[in-house]
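With the sequences and hints as input, model every part of the structure.
Read in order, the letters of the sequence shown are residues 6 to 269 in the numbering used here.
For the record, the hints were derived by calculation from the structure and aren't laboratory data.
Some hints here could point you the wrong way.
Using 25 Å as the maximum straight-line C-alpha spacing, the simulated DMTMM-like pairs for lysine to aspartate or glutamate come out as follows [as the list claims (entries may be wrong)]:
{"no.": "1", "residue 1": "K49", "residue 2": "D109"}
{"no.": "2", "residue 1": "K226", "residue 2": "D250"}
{"no.": "3", "residue 1": "K125", "residue 2": "D224"}
{"no.": "4", "residue 1": "K106", "residue 2": "E252"}
{"no.": "5", "residue 1": "K7", "residue 2": "D224"}
{"no.": "6", "residue 1": "K132", "residue 2": "D177"}
{"no.": "7", "residue 1": "K226", "residue 2": "D203"}
{"no.": "8", "residue 1": "K73", "residue 2": "E22"}
{"no.": "9", "residue 1": "K49", "residue 2": "D85"}
{"no.": "10", "residue 1": "K262", "residue 2": "E252"}
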Amino acid sequence: MKSGICSITLRQQQPDEIIALAVQAGLHAIEWGGDVHVPPGDLKTASNVRNMTSDAGLEICSYGSYWKTVEADGNPAPFDPVLESAIALGTDTIRVWAGTKGSDAARADERECVITCLRKALDAAQKQGIRLALEFHAGTLSDSNAATLDLLQELNHPNLYTYWQPIYWINDLQYRLDGLKQLADCVLNLHVFHWLFDPGAGSWGKATDRRPLAEGSNDWKTYFRVPLNPSLDHVALMEFVRNDDPEQVLSDAAVLKQLLSGQN
Numbered sequence: 006m007k008s009g010i011c012s013i014t015l016r017q018q019q020p021d022e023i024i025a026l027a028v029q030a031g032l033h034a035i036e037w038g039g040d041v042h043v044p045p046g047d048l049k050t051a052s053n054v055r056n057m058t059s060d061a062g063l064e065i066c067s068y069g070s071y072w073k074t075v076e077a078d079g080n081p082a083p084f085d086p087v088l089e090s091a092i093a094l095g096t097d098t099i100r101v102w103a104g105t106k107g108s109d110a111a112r113a114d115e116r117e118c119v120i121t122c123l124r125k126a127l128d129a130a131q132k133q134g135i136r137l138a139l140e141f142h143a144g145t146l147s148d149s150n151a152a153t154l155d156l157l158q159e160l161n162h163p164n165l166y167t168y169w170q171p172i173y174w175i176n177d178l179q180y181r182l183d184g185l186k187q188l189a190d191c192v193l194n195l196h197v198f199h200w201l202f203d204p205g206a207g208s209w210g211k212a213t214d215r216r217p218l219a220e221g222s223n224d225w226k227t228y229f230r231v232p233l234n235p236s237l238d239h240v241a242l243m244e245f246v247r248n249d250d251p252e253q254v255l256s257d258a259a260v261l262k263q264l265l266s267g268q269n
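Rendered as C-alpha cells:
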C-alpha cells in the first residue's frame, strides 16, 4: 500500500506548497480536492496541478470531489465538470458522496434519485477509464458498514468502489474493524487520521479532537492487517492533522510510513 495525503488536509496552502511538503515527507501520492485546490470545471488549474505534481515525482491517486449527486433542492447535481477536471488531472479515480442524507433519513424517492445519479455518473466515468469511489461518511447513503455494503450491492456496478475511514462517531474498534473486513473487496483507498470524538459536546468542531497519528498507531496496525482486494492498488491518505499544521503532517507521515512498512 502506498502513502499519500489529501490536499484538503492543508486547505490554506497553495498546491506548490502541498507538493513540496509531500516530497519532504516522502509520500507517494496526492488526492487533489475539488473544494479549493482544483475546482470542478477549472481545467487550466487541473492541468497546471497535474504538471506540477508529475514534475515532483508524485502520483495523483484521486480527485477528491464534493459531488453529492443532488443539489440542496433535491435536483441532480451536474457531474460533467467533475469528470472533466479528473480527466485534466490525469487521475483514474473520483471520490464522490452518496447524497446529502443519511441512510436512515433519506426517503425512498430521495434514495432512488441518488442511485439514478450515481449510475449515470458511473457509466460516464467508465467510458473515460475512470472509476468512482464512495466517501464513507455520515449524512450520506454510505454512512455505516451495512448501509455502504447495501448501496454497493444495489448499484452492482463494476466501476464502483468505496473509501474507508474509522467511523469516528462510533467509538467501537471492533465495529470499525468488522466494517473494514466486510467491505474489504470493494475498498479502494483509506483516509488516515486519529480523532477523539465526544458526541455530547454539541457542534462537530467542539466534539472533534484531532490527535497525532502516533497516538492511534495500535488501532491503525490492526486496520492495516486486514487484507484488501489484491487486484487493486491502494493508497493510505492522510486526512486532517492536528491544528492543520504542516509540521504535524511531517510527523504523521513518518508514523504512517512506519505503519505501512510493517505490512511487508
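Results of checking the hints against the structure:
1. K49 - D109: violated, 40 Å
2. K226 - D250: holds, 24 Å
3. K125 - D224: With Cα atoms ~37 Å apart, K125 and D224 exceed 25 Å; violated.
4. K106 - E252: violated, 35 Å
5. K7 - D224: holds, 18 Å
6. K132 - D177: violated, 40 Å
7. K226 - D203: This hinted pair holds, its Cα atoms lying about 23 Å apart.
8. K73 - E22: Distance ~28 Å between K73 and E22 Cα, so the pair is violated.
9. K49 - D85: holds, 16 Å
10. K262 - E252: Measuring from Cα to Cα gives roughly 16 Å; hence the hint holds.
Hints 1, 3, 4, 6, 8, counting from the list given before, are not met by this structure.
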